[in-house]
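Colleague: These are the residues of each chain, in order.
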Amino acid sequence: MPEPSDEDLMARVAQGDRMAYRALIDRHLGRAVGFAQRMLGNRAEAEDAVQDAFLRVWQHGSRWDGAKAGFRTWFYRILTNLVIDRKRKPRTDPLEAAGDPPDPALDPEATLGLNRTTEAVAGAVAELPERQRAAILLCHFQGLTNIEAAASLSLSVGAVESLLVRARRALKERLAAFQGG
Amino acid sequence: MAPADMSVERLNQIIAAYGSEPWRWPEAEREAAQVLLSRGDAALLREAAAIDAALDTWQLAEPGADLAARIVERSRDLPQAGNTRSAVSSFLHRLFGTPLAPQLAGLAAALVIGFGIGIAGLGPSTEAQAQDLDLDTLILGPSADLEWLS
Chain A
1 MPEPSDEDLM
11 ARVAQGDRMA
21 YRALIDRHLG
31 RAVGFAQRML
41 GNRAEAEDAV
51 QDAFLRVWQH
61 GSRWDGAKAG
71 FRTWFYRILT
81 NLVIDRKRKP
91 RTDPLEAAGD
101 PPDPALDPEA
111 TLGLNRTTEA
121 VAGAVAELPE
131 RQRAAILLCH
141 FQGLTNIEAA
151 ASLSLSVGAV
161 ESLLVRARRA
171 LKERLAAFQG
181 G
Chain B
1 MAPADMSVER
11 LNQIIAAYGS
21 EPWRWPEAER
31 EAAQVLLSRG
41 DAALLREAAA
51 IDAALDTWQL
61 AEPGADLAAR
71 IVERSRDLPQ
81 AGNTRSAVSS
91 FLHRLFGTPL
101 APQLAGLAAA
111 LVIGFGIGIA
121 GLGPSTEAQA
131 QDLDLDTLIL
141 GPSADLEWLS
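Top line first, the protein sequences correspond to chains A and B. Residue 1 is where the first sequence starts when you use the numbering used here, and the numbers rise one by one after that. Residue 1 is where the second sequence starts when you use the numbering used here, and the numbers rise one by one after that.
No lab work stands behind these hints: they were computed from the structure. A virtual CB, placed ideally from N, CA and C, is assigned to each residue, including glycine. Some hints could be false.
Heads up, incomplete: computed chain B residues facing chain A, CB under 10 Å, no partners named [as the list claims (entries may be wrong)]:
#, residue
1, W23
2, E31
3, V35
4, L37
5, S38
6, G40
7, D41
8, A42
9, P63
10, A65
For reference, chain B alone in the conformation it holds in the complex (with noise of 0.2 Å):
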């Protein structure tokens, strides 16, 4: 936007919303905002920089190193959505408890599917919806609860 086209109560209008502080106007009105800065409300100016400096002085304490392991900790019991070897992988830590090395995780998730595609019926010409099954229920049954897995 070229300063000529902002309006002093546009302005005014971002300051209200945004703040003092430039860096967090929106980055399309910033450089005309800024060029228009002399002519704005000054006492509104002042006043957002007062609530910038309140709100600053919120300051919290950094979480431990603890909490990003425990979630990686945790997201191995998780499969991820559209990956197989990671739906296997997971089963695996959640029946034996330890991380599965990757390619083992493959070996097991290419049988699973092998064993799927088997028990279904399929053959080669059905490979693409073979593809689509659902390896949860195959491997957790269709009766199984899958809550943990949405």
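With the rest of the complex left out, here is chain A (with noise of 0.2 Å):
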């Protein structure tokens, strides 16, 4: 049997089936957060970004039309404004940006390596401007088209591909930087 689309889901949803919301919620939840931190810098208030995204699905799926927008689109502008919100408040801790560390088991040089690799990227992507950041993790890390990514952004087509480009032009200055230094 095949597994239920998110549009299938959510028509359940909407109707208080709260076995469908967790399938939603089991399904979309890694990426969420994945977003969120990469956006917010700090896993806890990604976390809670995430949490009340999907209690807005819960408490709003009747409005969500999906002749308008799939449901993807519908989240990520859900939680992009939630955690651009977030951001707009003070608080940021550069070194949580990085995320967990690698799994110790791999090699040490290689993952003295990685971590570094790692902690460049998170740094380079933090000081992009936001709409920058959104739309490259948007369309890099979430997957989402550019079709996607610009309803979750509410902009044009157009205007993502921009960011993209802009995006993508700081990061490769940033990290030639850091190769180089």
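Starting from two chains that each stand alone, build the complex the way the hints lay out.
Modeller: Below is the structure:
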């Protein structure tokens, strides 16, 4: 039996079906927390933001119109707004932005190199302007299409593309400086 | 888009925006871009691949299973917009602290609606209007703090 689509689950969520709600959460939680953590640089705040986003899905599920936007687009629009609201409150912890360290079972030299690269990437992404950061995270890590990312950010596809070009250009310069330094 | 309709400049723009992996490129242009790839800027493609690889090193731990359970549990306090049964169920859950059987919540919802219609003095001819009543207001009163409902 094929897995129900997000849209099938959402139709059930709108009717108050908590099993469907849990299935939807299980399907998207990991990536959603990853997005929020990369945006906010803080795991606890990321989990709070994702919780808020899923609670809004529960409360306003009946208002979601699958003909207008897929679930992913709608969900990331909610989550992006919540994350940006939190980001605008004064709170940063760049050390946590790098996330958890790699598996210690890895080769120590490779681990050290990977750690340094990860920290450099996290730092470079953290320095991007908010919308560039959101665009690159939505497209690269969340796997949203350009159309989905544009809808999630309430921008045109062309504007998202422009953000991505600028974001990748800035990342290239910052990562080159890291490798050179 | 047919391959002949895409310029090398557009291919390079796609790589600069979406990176080196064709599955990330805009669906409508992907096929044409792949056909044109051998004529694109090889240095730009290498740079894009290096950025993709660097981004891919940034992996994070999965959240614990308790987070999903916490979210579902928290939702029991929150009514769903436009769902009368959910509003009553969450109100009673907040009141008594235990999940309410759906059938019982439905019965309670029917009772509350009936009570609300009686209080408002609405007859059968205004049934449609009765369905539009703000049930939360009926339950919590007009001065209740509704912030948690929105």
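Colleague: Now tell me if each hint is right for this structure.
Modeller: Now for the hints, and whether the structure bears them out:
| no. | hint | result |
| --- | --- | --- |
| 1 | W23 | holds (9 Å) |
| 2 | E31 | violated (15 Å) |
| 3 | V35 | violated (20 Å) |
| 4 | L37 | violated (18 Å) |
| 5 | S38 | violated (22 Å) |
| 6 | G40 | violated (15 Å) |
| 7 | D41 | violated (14 Å) |
| 8 | A42 | violated (16 Å) |
| 9 | P63 | holds (5 Å) |
| 10 | A65 | holds (9 Å) |
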